[in-house]
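By UniProt numbering, the letter at position 17 of the sequence shown is numbered 17, and the numbering carries on one by one without gaps.
Worth flagging that the hints you see were computed from the coordinates, not collected in a lab.
The beta carbon of each residue, even a glycine, is placed where N, CA and C say it ideally should be.
Careful: at least some of the hints might be erroneous.
Each computed DSSO-like pair below joins lysine-lysine, with the alpha-carbon atoms no more than 30 Å apart [said to hold, decoys possible]:
id	residue 1	residue 2
1	Lys134	Lys15
2	Lys134	Lys118
3	Lys5	Lys15
4	Lys47	Lys118
5	Lys118	Lys176
6	Lys166	Lys176
If you anchor each label on the Cβ, the simulated ranges turn out as follows [unchecked claim]:
id	residue 1	residue 2	range
7	Gln13	Pro147	21 to 31 Å
8	Leu23	Asn177	49 to 59 Å
9	Arg180	Asp108	24 to 34 Å
10	Gly39	Glu114	23 to 33 Å
11	Pro105	Thr45	17 to 27 Å
12	Lys166	Gln122	26 to 36 Å
13	Leu110	Pro164	37 to 47 Å
14	Thr163	Ser14	32 to 42 Å
15	Ser178	Thr45	17 to 27 Å
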Amino acid sequence: MTALKVGSESWWQSKHGPEWQRLNDEMFEVTFWWRDPQGSEEYSTIKRVWVYITGVTDHHQNSQPQSMQRIAGTNVWQWTTQLNANWRGSYCFIPTERDDIFSAPSPDRLELREGWRKLLPQAIADPLNPQSWKGGRGHAVSALEMPQAPLQPGWDCPQAPETPAKEIIWKSERLKNSRRVWIFTT
């Protein structure tokens, strides 16, 4: 079997989102990949690719947010972390030409909040992951569920027919007005 050259077209075709490896019964090592459309560091203006994982990215500790690392001489950025075997959530990438956001080794909470406020509007879903949508804050996210995650009907049965929202006019006697309201059934 021939090894694929990291960053080659055939190597990228072998990637379908995060890859994980079992460490023990409770933990997995998870590697995230991002392809720099501008190419290697010789051509690209991208300085950082921040990783934002819902429920894992810590906004309350004064710790440095996580950035992917470029594999030198390639268009490949990667980052590895450990996740619980039953974890499920969403994540996004934030490629940026700026390297001055989160520049302090231990940014304070205000700096963290301000940094994420600046970055999240630029967030992108993982282009390698087909399970992507707009998150609750309006930025793109992708789904990730570890092998032992409990059943989640909305994720485990994505082919289930979607029930369209029902529009009604809600009339308020007290407010003396009416509004269009959409009712979603899950």
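Outcome of the hint check:
no.: 1; hint: Lys134 x Lys15; verdict: holds, 22 Å
no.: 2; hint: Lys134 x Lys118; verdict: holds, 17 Å
no.: 3; hint: Lys5 x Lys15; verdict: holds, 13 Å
no.: 4; hint: Lys47 x Lys118; verdict: holds, 16 Å
no.: 5; hint: Lys118 x Lys176; verdict: violated, 40 Å
no.: 6; hint: Lys166 x Lys176; verdict: holds, 23 Å
no.: 7; hint: Gln13 x Pro147: 21 to 31 Å; verdict: holds, 24 Å
no.: 8; hint: Leu23 x Asn177: 49 to 59 Å; verdict: holds, 58 Å
no.: 9; hint: Arg180 x Asp108: 24 to 34 Å; verdict: violated, 44 Å
no.: 10; hint: Gly39 x Glu114: 23 to 33 Å; verdict: holds, 31 Å
no.: 11; hint: Pro105 x Thr45: 17 to 27 Å; verdict: holds, 25 Å
no.: 12; hint: Lys166 x Gln122: 26 to 36 Å; verdict: holds, 35 Å
no.: 13; hint: Leu110 x Pro164: 37 to 47 Å; verdict: holds, 43 Å
no.: 14; hint: Thr163 x Ser14: 32 to 42 Å; verdict: holds, 37 Å
no.: 15; hint: Ser178 x Thr45: 17 to 27 Å; verdict: violated, 51 Å
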